[in-house]
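Between the sequences and the hints, there should be enough to build the whole structure, so can you do that?
Here's the letter readout for the chains.
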Amino acid sequence: MKYVYFLWLLFLFILPISIVFVYSFLEPQIYGGVKWSFSLEAYSYLPRYLALIWRSVWIAGVATLITLVVAVPVAFYIARSKLKNFLLLLTVVPFWTNSLIRIYAWKIVLGNNGLVNQFLGLFGIDPVQFLYNSFAVILVIVYTYLPFAILPLYAAMEKVEDSILEASLDLGASRMYTFIRVLLPNVRAGLLTAFVFVFIPALGSYAIPDLVGGVNSKMIGNEIVRQLLTVRNWPVASAMSNILTLIALLSIIFVMKRGEKR
Amino acid sequence: MKPGRFIKTIVILTMVFFYLPLFIVVLMSFNSAKSPVWSGFTLKWYLELFTREYSVWHAFRNSLIVAIVSSTVSTAIGTLTAIELFWKKSRLENSIWFLTYLPFVVPDVIIGISLLLLFSMFKVQLGLFTITLAHITFSIPYTMMIVHSRLQDFDKSIIEAAYDLGSTDFQVFYRVIIPNLVPGIVAAFLLAFTLSIDDFVITFFVAGPGSTTLPIQIYSMIRFGISPTVNAISTFMIAGTILIGFVLRRFVRYIF
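If you read the sequences in order, they're chains A and B.
For what it's worth, the working numbering labels the leading residue of the first sequence as 1, then goes sequentially.
For what it's worth, the working numbering labels the leading residue of the second sequence as 1001, then goes sequentially.
Everything labelled a hint here was simulated from the structure, so no lab data went into it.
Misleading hints may appear alongside valid ones.
[What the hints assert, rightly or not] Below, in silico cross-link-like pairs of lysine-lysine (DSSO-like), each with a Cα-Cα straight-line distance of 27 Å or less:
#, chain 1, residue 1, chain 2, residue 2
1, A, K159, B, K1008
2, A, K159, A, K257
3, B, K1008, A, K82
[Stated by the list, open to error] Far from chain B, by Cβ distances over 10 Å, these chain A residues were calculated:
#, residue
4, K35
5, W58
6, A105
7, F130
8, N133
9, F135
10, R175
11, I180
12, P185
13, V215
14, N216
[To be verified] Only part of the chain A face toward chain B is listed, based on derived beta-carbon distances under 10 Å:
#, residue
15, F6
16, L87
17, T245
These numbers were taken from a predicted model, which means no experiment stands behind them.
Each residue gets a CB set at the ideal place from its N, CA and C atoms; glycine is no exception.
Right under this line is the structure:
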């Protein structure tokens, strides 16, 4: 059966990714499809997408940073709690809930006559446009991927001996100092895993910027889909996919190199 | 070191952050107005869902078919592969682990479009068949890893004991390994099932006309005009998730 497994992933994962790679070096046909002649034309489009690529990296980066800042204390608390299993379950349930419903929930909460604006209205504040901007995209990315960060961090925190934290406190370090200088270096591997689990899917987001983002908060994923399905320029869609994969791989290599240092 | 009050506050706020939006969706499914302004209790959106929204039920049926087939196939392939890797040294082992980790680091959008280009290259008609192939592809690395991690706790001396007592390979497999693996296999199946029922992005590319799944149906309802029946569907899905969550709780340590 391992051959079935091997061949399955070879034909339905490696082969399709290779097709995307090859298509990016071909010429487009008008209604989709490709002409089998070598061309670098698709890549010549990239300079005009630099702003979009930079914005995607920026949105995913900020969202990942916020996610990690929240996930670290939560994971620490769960790992030290008597209600460990119950709190883990509470963390996992939103992770299982359909992601579209979770995006949709924020449309209800943040919409022009949504809950937040109704609340602000009580104080006589005019409706604020919360949706369709980078703020909304970052918020929903954080909401969607927070459990992805809590779980690996929890696994790392659980292994940290309490005695080293106590030792730090006994030697006169403040709680904050102990948290940052003793606990965090010990959960380095968990932090790096959490970074990869959040940053890569965030960078490749399609549904979130599509549903709660505006014209100025579109990400690479949206442009790939537009090039593929609307403009029907397959080589450009393929070239952009390769750039996305490249950024994802570079960030993993970067993270792994950082992990090796200690 | 005991977590202080500051950390406790962050945890409480995070749980509120997790659940408040979901709670509001459930609440709005009972709201008589179309807008999110509360104007009285009603069950009419549920009535509408059961009596008029045929397309939702059609999509739900498609989702179920795909989820059952893809999670069964991927659990079978994943389980047997994990057992083979555990049982005998293999020259393929390194390549298999490489192929297992790779899908985790490739964004969904790319898996989706690459499969679309593959199917169009080989002129495969898009539909439930292509969706099922795609779902098996993204599920098998998970099923293989879950069963494999369960096998790490497996005491190899039981296998040796079975051989010493005269078991054949097949008996060892069927009578010793499989029964010990049941929790891992159930966890793998449920995870693959949930991944399949939930997937939107990859399905979006490989679904053809008439093969709409529930997430795709919900997407188009959110995208093109919101009817509060979405709240009613969402309430069912949230309830279903919590239910599966409680079932999975027993097996959850084999997943994370």
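Hint check:
1. A:K159 <-> B:K1008: Since the Cα atoms of K159 (chain A) and K1008 (chain B) sit roughly 20 Å apart, the hinted pair holds (cutoff 27 Å).
2. A:K159 <-> A:K257: Since the Cα atoms of K159 (chain A) and K257 (chain A) sit roughly 23 Å apart, the hinted pair holds (cutoff 27 Å).
3. B:K1008 <-> A:K82: 13 Å, holds
4. K35: 14 Å, holds
5. W58: Nearest chain B Cβ is 17 Å from W58 (chain A), so the label holds.
6. A105: 4 Å, violated
7. F130: Correct as stated: the minimum Cβ-Cβ distance to chain B is 13 Å, above 10 Å.
8. N133: 18 Å, holds
9. F135: 15 Å, holds
10. R175: About 6 Å separates R175 (chain A) from the closest Cβ of chain B, which leaves it inside 10 Å; violated.
11. I180: I180 (chain A) clear of chain B: closest Cβ-Cβ about 13 Å, beyond 10 Å.
12. P185: 15 Å, holds
13. V215: Given a closest Cβ separation of 16 Å, the condition holds.
14. N216: 19 Å, holds
15. F6: 6 Å, holds
16. L87: Because about 8 Å separates L87 (chain A) from the closest Cβ in chain B, which is inside the 10 Å limit, the hint holds.
17. T245: Status holds, d = 6 Å.
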